[in-house]
Amino acid sequence: MDRQIVCFQIPAFQIALARRQEPSLRERPVAVASPRLDRACLQEVSREARQEGLAPGMPVDEAARLCRSLRLLAPDQPGVRAAQRGLLEVIAPFAPVWEPLRPGQVFLDLTGTTRLFGQAAEAAWRIEAEVARRQGLAGMAGVASNKLVSQVAVTLLEPPDVEDVRPGGEEAFLSPVPVSTLAEVSRAEAQHFLPLLEDLNLATLGDVAAVPLPQLEAVFGSAAMRLHRWAHGIDPSPVLPLRRQPHLDATARVEPDEVDDQRLLGRLYGLVEELCRELRQSRRVCGRLTLSLLSSDQQEVARQQPVSPPSQWEGDLYPLLQPLFLRLFTRRVRLRSLRLRADCRPLPDEQLTLFAQGPGEATRERGRRLALALDRLRGKFGPAVVRLGRTI
Amino acid sequence: MRGVSSLEALCEAAKAQGAESLALTDSNGLYGAVRFLEVARRQGLRPLLGAELTHDDRRALLLVKTPEGYANLCRLLSERHAEGHFDLIAAVGRYRRGLILLSDDAEALPLWKKQSPAGLYVELTPGALMHDALVLSRKAGIPPAATNRVHFVSAQDFSLHRLLRAIDLNTTLSRLDSQDCCASTHWLMPPERMARHFPHVPAALANTERIARACHSDWNFTATVFPQFEDRSDAQAFEDLKRKTADGAAQRYGQPLPEAVARRIEHELAIIKDKRFAHYFLVVDDIVRQAPRTCGRGSVAASIVSYCLGITHVDPIRHNLFFERFLNPGRKDPPDIDIDFPWDERDRILDWTFARYGARNAAMVANQNRLGLRAAFREVAKVYGMPPAEIAQVAGRLARDPASLCLDEQELDDDDAAKLGHVLRLRAPWPEIIRAALRVQDHLRNLALHCGGLVIVPDEIRRYVPVEVSAKGLPVIQWEKDQTEEAGLVKIDLLGNRSLSVIRDAVAAVEANTGRRIDYAAWDPIPDPATRELIRTGDTMGCFYIESPATRLLLRKLWLGMPADLLPQRDVFDYLVMVSSLVRPASNAFVHEFLRRAQGAPYRSWHPDMDAILGETHGIMTYQEDVTKVAMAIGHFPLDDAEQLRKVLSKKHKQRLLRDFQRQFFEGARAHGLADATIEQIWAMVMSFAGYSFCKPHSASYAQVSFKSAWLRVHYPAEFMAAVISNEGGFYSTFAYLSEARRMGLAIRPPDVNASGWPYRGGGRTIQVGFMAVKTLDRAFAMRLLEERAAQGPFRSFHDFLARVPGEPAQVRALIRAGCFDAIAGELTRPALLWRLYAQAKTPARQLSVVGGGPLVAAPIPTEYSIGRRLQQEIESFGFPLSRHPLELCSPSPAHCVAARDMAQHVGRRVTMLGWFITDKIVQTKHGEPMDFVSFEDTTGLYEATFFPQAYRRFAYLLAENRGYLLRGVVEEDFGTVMLRVEHVELLEMSFK
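Heads up: the protein sequence lines correspond to chains L and D, in order. This note's numbering puts the first residue of the first sequence at 1, with every later residue one more than the last. This note's numbering puts the first residue of the second sequence at 393, with every later residue one more than the last.
It is worth saying that the hints were derived from the structure and are not from the lab. Heads up, a few of these hints could be off.
Claimed, not checked - Footprint (simulated), chain L over chain D, 3 or more residues, beta carbon under 8 Å:
# : segment
1 : 472-483
2 : 559-567
3 : 1250-1258
4 : 1264-1271
Unchecked claim - If you want a taste of the chain D side facing chain L, the calculated C-beta under 10 Å gives, among others:
#  : residue
5  : 817
6  : 819
7  : 1205
8  : 1232
9  : 1233
10 : 1261
11 : 1367
12 : 1368
13 : 1370
14 : 1373
Beta carbons: idealized from backbone N, C-alpha and C, even for Gly.
Extracted from the complex, chain D is given alone in its bound form (with noise of 0.2 Å):
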C-alpha cells in the first residue's frame, strides 16, 4: 500500500505529459502487470514491466529488456518472497541477464559492474540524497538515469499516501515514521519539471530515455499453458483419456452405450483431441480420484467426458446439458473446471496435490484483496483513532440506511460523502473519514490465497509470474484469477463446499447410530416421494443451496399453485434446477411470470426461434447459455460475441460494453424482423443476467447435492441438522436451525460434560449440543477432556473432573458457566463448582498433592442464580438463550398477538406479530429505492415479510440480527404464499428478570 493512483490515472496522466513509453514497477512484484499493459495500450503507450526490488535496506530498480528478463525477473522476484536468506546483491548477480538495471547502492553496484557494465545505471532522483549518487556514479564509472521513483501521479496525493502507509502499517498518521512513506516530491512530474532538477546532468535524462527504447514492450500472453500429464505426449494423453472415459462410460451407461451417448463422447472427444485438452481433464482426474465425494461447479458438468471419468456426477444426456457452454472450436480462453470437496478435506487435496506435482510446477492462484468502501471506510477510522463500537455502529447505518444504498459505490464523490454525513448525522470527525474512505478504496490491500484457484505448468511456474508463500506456507502466484487466466494460465479450482461434508458427517452418523450404510456413489435421492415432497413444500432449512428465503419462497410458491393436472408433467427434480437458476439478482420482474406459465398460464412467443431454446424454461431464460444463445439466434451474434456479452454481463462498470452489444443485438433482432418493443422485452430479459446467474449444468449439478440433503433431512433429521450446525458457515445462525430442529421435532439437550463431543451429535429425536457451541472454550481444551473420558471412562463428579482434567481454570469456568456440570453436580449450585474451581487454582500444587487434589478448606455452597443470570450466562456462552426462545425474555409481548402458524388464516387482515430478526435481503425497486425482505421468527415458526420503501426508510435503523420486535402489517397472500407487509415496527427489550 504504497502507489497511491489508479493505472488508469498514471497511463492517462503520462499521456497527457507527451510521454511515448511507461513503465509500471510495483514494489518487490508484478501484482498488476497484465492489467497495466491492457489499459496502456489503451492510451496509446508502450507498456515497460518491471520491478523495484527491496530487501533490508537494498533497494534495486529492474526493468525488463528481452523475454528472458522477463522470466528472470519473475525467478527473482519469486526468490525475494520464498527464500529464508534473500541476498539481493548475489541474487541480482544471478538473474540479471535480459534486465536493466537501476540502483543508488554504493556497495553493490561496483560488484555489479565487475560482472558486468552492460546496462547497469545510477539511479538519480531528485531530493536529498541525488547528490551522493551523482558523484558515485561518476567515482565508479556507472552512468545515471532519472528517475524520480514515481508513487502517485499529483504532488497533493501524498497525504494520501500517508493515509495509506498508516493502514498498512496499523498505525496513526501522527506515529508514522518518514522511513515508512516516501518524499512528497514523488509524484509524476512533467518532463520539463523533472529537466529543472538536472541541469548538471543531462545524461541523465538521456540515459532513462535511451532505457526506455531498449525496453521490451511487445508483451504477448495469449499462448494457453496447460499442465502435463506425468510424462505423456499429447497423443498418450488422448488414448489414456479416450480409455478411460471409456471405462467411466460402460459403469454409467452400462454396455453396450446407447447411441446418443457414444455420439456424444465422440464429439467432445474429438474437440478435445483439437484443442489439446487431454492433459487438463487427466490432471483433474487424477485430483478428484483423491475424494470420495466431489461436485462439479460450473459448466464442466455439460461434458460427458467428465461425468464419465467421475469428476462430474449429472448426466448430460438425460438433463440435455448444452456442452457448448464449456468447451466449443470457437472459444479461445482455455476452459474452466471447478470441483468442490468437503470443505475439510480440501487442504489434504491441495497437500496432495503439491505432491504429486511438486511446488515448482504448481502454485495457488491469488486474491488481491482490495479495500472496498466498507473496508475503506473501517481502515481510515482506526487510523483516525474511532472506537471499535463506534466504527461498527456508523459502519452499520452506513450498511442500512436508504441514503447510502442508493448510492453507487464506486460513483461516490466528496459532495456525497458530505450529503451523507448530513443525512446520517454524523459529527466530525466521520464526515472527514468518510472522504479519506472514498479515495482510498479500490487500493490492494494484501495478497490472499484465491479460495481455490491452482495453476499447474508443465516446466517452471517461476518463469510465467512471480510467486510467493501464503501464511499456510503455500506457493501463490502474484495475480488473481483475471489476470491468471489473461497471461495464459489454466485454473483449476478446487473448492470447499459445506454441504459436501454436511452429507458426510450425517451418513455416517446414520450408520454409527443406525447399522445402515448409505453408498454415496450408488445413492439416487431423485425418485424418494418424500423428498420430492419436502423440496415442494420448500421446508429445506439446511439442505444444500435451497435454503435460502427467497428459494424456499419460490419452491412454495411454484408447487403450492400448481394446477393438480400439472403436477404428473412437472418433475421436481427439473424445476428444482429451473428454481436454482431463478433467484439471482435482477431476475425478479420475470420470475412472477415463469411461475404463471409452469402453473399452466398461456403465453405468446417473441420468435419461433427462441422456442427452441427457452422451451423447456416457458420462453423464461433461466440459464447463462440461455444469453448465449438468443444471442446468436435472434440478435445474429457470432458465438465469440455471444460468449464475450455472457461474460460481460457479469462484470461490474460494463456500461461501455453493454452500449455497444445492445446496438449490435438490436441491429441483429432487426434483420430477424422483429419489431423494437419486442426486442426492447428480449433485452430487458437478457440484462436479468446482470450481477451472478449460472449456467444449467451448475444448477443441475448442484440440485443433484440438494437432493441428498433434502433425503437427509427427511429421513434422518436429528443425524442432518446436527452435521449442518456442526459444519457451520449456512446460509443461517445456529440459533436459527436450532429454532429449526425444534420445530421439525427435535430435542436440544444441553452441553454436558459426559454426553457432548465436539461437535453436534444427532440420533433419534434428539440433537445434543456439542463443546464447539460453548463461544470461550478452546477445542484444545475439549479434546483432552474428550481423550481423559474415552480412556477413563464418564467423569463421576466435579472433584474428579478437577483431579483427572487439570490446570486451565478459565476453560474450566466456562464449562460452568454452559451449564456442562450440571448434570454431575450434585447438590453443589453454579457459583459452588466456581468456588471450588477458584479455590484449587489459589491453592499451590504442593498443598494439593497433599490432600489429594481437594480444596484445603471446606468451600461453601452459595444460592443457585437467578433463572434471569442463567439466561444471560446462555447467551454469554453460546450468543442465545439455548433453554427458551428469546421471544419469551422480550418485553412488551401483547397476548393479541397472531402467531406465525395461523398466518395463513388473516390474509387481507392488519395484524399484531413478534419476530425475532432472522436474515434479511436488502433490494433495491427499479426507481432506484432500498426495500428489504425479511425472514422472522416466532415461537410456532418461521415468516417472511417486506419492508416496502417507506416502510424501510422509517424502520431501517431499527433492524438488526439478534433482536425482536413487534410488527404490525398486513398479511398477504402470493401464488399460496403468505408475507407480512410491515407498516410499523416496535423493538422489543430482553429482560432477565
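Chain L extracted, bound-state conformation (with noise of 0.2 Å):
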C-alpha cells in the first residue's frame, strides 16, 4: 500500500496568530523580532515582508531601513504553544500517527485512513477547513507517498491550498525544483552537496536524477545514493511522534548576541534542564550530545560528545558540555544560538546498590531530587516558574 503523507503548515505561525487578534496586520509587511533590544534580529517574517527583501536572520535595523511600512511584533512563545496545542487538538482526530516538525508545521501519516476520512487530499482539505474554522488560520497541505515530496509540495503553495502529488509522479513533480530546496525542507546533508551540485551545474532535482547512480558515487561516495533516491522522490523515513524521535533538540536563541562566557554557559545549562526534563518524560537517556553554535555571521560550528553511561541528568551532560562550549566556541564573534541535540535510547533497568553510598553518589542523588521536583513545578506552572540564577 502507498504510503499518504500530509505535510501541514500555517505559514509564520507567529505572525499568523497575530493576525486572528488584530486584522489590521493583514495584508502589510509584518515581523516578529524582540522588541527593545539593540540588536535584535528578525525572527519571523510575513509573505509580504518577504517580497520587500526581508528574511528571518536579518538585523532588525536594516529591514527597517529596507521595508519602512514594517511592522513588528514582540515573539509570543506561551502564546505560540498555547496555539500549537490547540492545532494539534484539530488534527490528531484525522491522524493516527503525526510528527511536529516547528510550531504551526506537522507531518501526518494518513496510510489506511481513506475508509474514515476519504483520499488523504480531501482529508488534507477537511483538516485545513476545520483549522480555519476552530483556530480561525489558513493552513496548506502538501500530499504525497513520502515525507520530503509533500514537504517540497507544501513549499510551492499560499494558504489555503493543498497540492496532491499522486504516487508514481513523484520524479516528475520534483524535476524543475531547484536544488537548493532540499536545504530549506531541513534536509541538513544537503547542505554539504549543495556546492558541489553547483560546481557540476545541476541545478534541478531533474539534471540529479538523469545521472546515473554509478556516476554521482564517483563524485559523491557513499552519499550518492540519498541524493539519488532524494532526485527520484524517494523517501522512507517514518512518521515519527515526538517519544520515538531518535533525536530529541532544544535551541536557544540568544537575544542580543552575546560574547560572554559566563552569559552563553548559563543559557547552555538552560538547554541542558529542557532536554533532561524531556528526557526524564520520555523515559529515555541521552548516549551522545551535539553542541551547535551559530554566530552573529550565520557561521556554525557544531562538535559531538559521546555520553558514557547514558544520562538523563544535568549533573552528567552539564559537566561534559561546558569544556565542549569552551573548546567550541574560539572565535571572537557573538553567538545568536546555541543548539543541543541529544541522541536517545530507552532508559535502561537501573541497577540498584548493595552498599552504603559514597559522599559524591549522595550529592548527586540530591541534585537528581531536586531536577525531579523542577520537573514537577514547572510541569504545573510553565518552564519559567522557576530558573537557576546563572540561567537568567
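Hints in hand, dock the two standalone chains.
Structure follows, in C-alpha cells:
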C-alpha cells in the first residue's frame, strides 16, 4: 500500500496568530523580533515582508531601512505553545501518527485512513477547513507518498491550498525544483552537497535524477545514494511521534547576541535542563550530545560528545558540555543561538547498589531529587516558574 | 600592551604628587626611554631608566645606576629577546654591574646575594604576596624596597588595562585569565597612600628613596654614532671618499671637470671632512653597489658627492639643487641618506649588508605600531565579539561619514563619541565600543620592522639599545626612527620601490620580445619627444610618482593651457619636478596661482629677496627648502631655526611650537619692512607645507624615474603595463590598470594553462594574464605546473594535465573556474572538467594506477555554465569581470548617458554619466567640511568628478570601490580640463542574468 503523508503548515505561524487577533496586520509587511533590543534580528517574516527583501535572521535596523512600513511584533512563546497545542488537537482526530516539525508545521501519516476520511488530499482539505473554523488560521498542505515530496509540495503553495502529488508522479514533480530547495526543507546534509552540485551545473533535482547512480557515486561517494533517492522522490523515513524520535533538540536564541562566556554558559545550562526534562518525561537517556553554535555572522560550528554511561541528568551532561563549549567557541564573534541535540535511547533498567553510597553519590542523588522537583513545578506552572540564577 | 597611561600623564601625575624622580621600567625593554627623558625633564622630574625583566615565571626589576649599567641593561634585554635559551638568573648575574636589582624571587635572590649583596633588594608590593616577600627579606638578610608595579595613573584605568590585555591576547574580556593582567591596585598611589601599606616596614620606603637618589639621571644622547667603513681611520676614509668622488666625477662629467663641478665637490668634501661623515658615505656607497638600479630619495640627491659615487642619479649642478638642505656646517642632527631599491631585491640587499657588517654592529630600526583610532576601533570591536562584516561596515561609515571626518581623531572625547554614535545611528554596543576605542587609541600595539631603516655602529649595537629579532629573523632595535635619531644613531634607509622593479621587468621583457637591450646607466629618456608629450597630456597611469589623479590633472591643466609662445621656454622635466612637489595636502590654495603664473600671467613679488629664492617657481613656495630659505631671508631666522620650522611643519601636534615660530617670523619680517597683510600671505604659504612635502632634490631624483617609466609606457606599452600589474601595489587596482591597458589599445588574454606564467606578460599589443591573477591559486602549485610545462612541453588535454600535475583538487578547481583550461578542453564544458576532477579525487590512488590515471566510470558532460555564472566566476577568480566591463552588467543603464570621452563637448551642461568607482581623495574645505574628488571610468575613458560638501553629505554613504553609479551633474572646465560636479547619485546593481 502506498503511504499517504501530509505536510500541513501554517506559514509564519506567529504572524498568523497575531493577524487572527488584529486584522489590520493583514496584507502588510509584518515580522517578529524582540522589542527594545538594540541588536535584535527578525525571527519570522510575513509573505509581504519577504517580498520587500526581508528574511529571518536580518537585523531589525536593516529591515526597517529596507521596508519603512514594516510592523514588528514581539515574540510570544506561551501564545505559540498554546496555539500549537490547539492546532494538534484539531489535527489529532484525523491522523493516527503525527510528527510536529516546528510550531505551525506537522507531518501526518494518513496511510490506511481512506475509509474514514477519504483520500489523503480530501482529508487535508478537511483539516484545513477545520483549522480555519476552529482556530481561525489559514493553512496549506502537501500530500504525497513520503515526507520529502510532501514537504517540497507545501513550499510551492499559498494558503489555503493543497498540492497532491500522486504516487508515481514524485520524480516528475520534483524535476524542475531547484536543488537548493533540499536545504530549505530541513535536509541538513544537503548543505554539504549544494556547492558540489553548483560546480557540476546540476541546478534542479531533474538534472540530478538524469545522472546514473554510478556516476553520482564517483563524485559524491556514499552520499550519492541518498541524493539519487531524493532526486527520484524516494524518502522512506517514517512519520514518528515526538516520543519516538531518535533525537531530541533544544535551541536557545541569544538576543541580543552575546560573547560573554558566563552568560552563554547560563543559556547552555538552561538547554540542558530542557533536554533532561524531556528525557525524563519520555523515560529515555542520552548517549551522545551534539552542540551547535551559530554566530552573528551565520557561521555555524558543531561538535559531538559521547555520554558514557548514557544519562538523563543535568549533573552528568552539563560537566561534559561546559568544556565542549569552551573548545568550540573560539572565534571572537558573538553567538546568536545555541542548539543542543541529544541522541536518545530507552532508559535501561537501573541496578540498585548493595553498598552504602559514597559522598559523591549522595550529592548526585540530591541533585537528581532537585531536578525532579523542578520538573514537577514546571509541569504545573510553566517552564519559567523557577529558574537557576546562572540561567538568568 | 600592559601600561595604560601615557608618559605625559604619568610624569604629570608624579609631579603633582610631589615626586622628584620617576623611573620608567617597560616590560622587557626600553621602548619609550628616549621620549621619557624629554617628557620627564619637561615636567622637572629626574628621569630614571630601567626595565621589568620577565621570563617564564621569573621577574626582576632593574634600574640603571651608571652608564655602564645602561649598556649592561641593553645587553641583558637583547639576550632576553634574541637568545633561544634564556636563563634569567644567570643572565642577570652576568650583567648586573651598574644596575640596581629588585625582585621577590625566592630562588634567585640568594644566588644573586651570594654573588654580591650590593644593589640588591627584595621588592615589596602591596598585595597578597607582600607578606611572603617580607619574610624572604628578613630570612635572606636582603633589604626591602617598596614599589607598586604601576601600570596606570588612577585606579579607574584597570578596566582599560583589561581591555588592552584582551586586545593583545586576541581574546574576550570574559576569557581573560587573571594571570594575564596586573592587579587592580597597581596604580600610581600618592606617597601617603603608599606609606599606609608599609607601617610595619618603613625601611622599604626609605630604601626606595635611596635607590632613586642612587640611580643615574644625567642622560646625554647627543653624541652622533656613525658607522665605520671597514677598519679605516677617519683620514683614510676621507682619502678613499675623495678618490672615489674624483673617479665618479670624471665618469659623470668627463675631464677636465667643469669649474662649477670642481668647486661644488671641493665645498661638499670640506663639510664632509669637517663633520667626519666620510665613513657614512663609504658605507652607503658599499651597499648601493650591490644593486644595478637604485634611486636616491630625499635631500641626499642634492649632493654632488652622492651623484659621483652613484648613490644618486640626478645632477645637482644641472638642476640647481641646494646642498645645504642635505648638509650644512650648522646642522646638528646627522644627515639622512635614503636609497630606493627594487622592492623584491631589498631583502637580498639587507641580507648582504648584515653578512658584511655583522649582526653585532647592525640592526634594523623598529616601527612602534600604535593603535590609531580606526585600528583601536576594530580591535575593541573584536573584543566585544562583533562580527567581522559588521565591523567593516561600521568602520567604513566612520571613515567616510562627514560627521566623523570633521572630527580631529586626536582630540575626540566621550561627548564626541556619543554624538558620533547618534549621527551614525549606531545601536548598542557600538557607542560603547567607540568610547573604549578613544581611550585605547595611540597605545603601543607591537614592534615591527621599519620599512627600511638600518643602523650600523662601529662597535656593538647592543650597548646602545636593546635588540630583538624580527619575524624575518633580522635584528631590530626597540626604538622607532625618531627615538633612534634623537639617541644619535645614524640611520640609513634602504627602501623598497615597486617602480624600479617595474622598470627592470619591462626592460627585460623588451629585450626578450624584441632583442633591444636598454642600458639602464646610459639611458636618458628626458629628451625623448614622445615621452615629453605623454607627460604633458597627463596620460601617466602606471608611471612612477605621477600617476595619481591629482598629479595627472595638474599636468593636464599646466600643459593644456600653456600659451604656444611659452612652450619652448618651459622644460617638461623642470616643470615635472615642480608639479610633483606641488601635489601635497595643504598646497591647493597656491596651485591655481602657480598655474596662472606658469602660463604667463603677470604677478607682483612680495619682496625682492623672495625673487632670488622663488624665481624659478614663479614666486610660489614649492619645495621644502623654500621654507628654510624664506624663513631665513624674510623672517631673519638663523639656519638652525629655519630648519626646525621646516621639520615642525611635517609633525602632528605642532600648534604650540608653530605659535612661537609664527611670532618669530612676523617680528623678523616686520623688521624687513613688510606689512602685516603681506606677512600673513607669506606665512599662509609656509603653512601650505603642513603634513608632508618634498624637497627639490627628492622630486628631481624621482622625476628621473618617472621619465623612465613614461618612456616605457610610450614605446613598449604592453611590456610596461604587464610589469606594472605584476609588481602590484600601484596607486590603482589591477582592474583599473587593465581598463587603462584596453584604452591604450592592448588586448587582454585570459589566463591559460599553456600560455600564462605567474606574472602578467606583455608583448606587441597583447597582455597575457598571469596565474597570479587567480585569487585562490597557490603560488607553489603554479610553479609546479610551470616547471612541468617547461620540462615536458604544453599540456595536450585536461586528462594529460591531471596525470602530469597530480593532487590538489582545490587548486585545479581554481584554474578551471578561471577558464585556464578552456583552450584545451575540447568538447568538455567547465562543469564536465570539474566532474572529472572530483571523480579522480574520489578514486583511490591504487585504482588510478591500474587504469592509468583515468576515471573509472565514464563521466557525463553537463551543460556549460550560463554567461552570467561565468561572469560571476570571473569575479570570484579575479576580483572583477575580466571578459567585459562591469558597467555592462549594471542596470539600469539609460541610453542618454554622456560618454567620458565626449565630456569636453558638454561643458556647462547638466549631464548623466555612468561611472565605475576607481579611487577617491577626501579633503576638507577651508571651513573644515569634507568633500571628495573621485575618479570614475566608463567603457570609453577615465574621468574626474567632484563631490562638494553638500553632495558629499548626501551621497557619501553610497560611495565605495568596485561599485557602479549613475551620476548626474554639471560638466565644468578648469585650465582646459573637464570635470563633473556631481549633483545626484544612484547606485547601479550588477545583474548576471
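Each hint, compared with the structure:
1. 472-483: The restraint on the segment 472-483 of chain D is violated, since only 0 of its residues have a Cβ under 8 Å from chain L and three are required.
2. 559-567: holds (count 6)
3. 1250-1258: holds (count 7)
4. 1264-1271: violated (count 0)
5. 817: 8 Å, holds
6. 819: At about 4 Å, which falls below the 10 Å cut-off, the nearest Cβ of chain L leaves the hint on residue 819 of chain D intact, so it holds.
7. 1205: 7 Å, holds
8. 1232: Given a least distance of 9 Å, the restraint on residue 1232 of chain D holds.
9. 1233: Constraint on residue 1233 of chain D satisfied, holds at 9 Å.
10. 1261: 8 Å, holds
11. 1367: Status violated, d = 42 Å.
12. 1368: 44 Å, violated
13. 1370: Violated - the Cβ of residue 1370 of chain D stays beyond 10 Å from chain L, reaching only about 36 Å at its closest.
14. 1373: 29 Å, violated
Checked against the numbered hints above, the structure breaks hints 1, 4, 11, 12, 13 and 14 and satisfies the rest.
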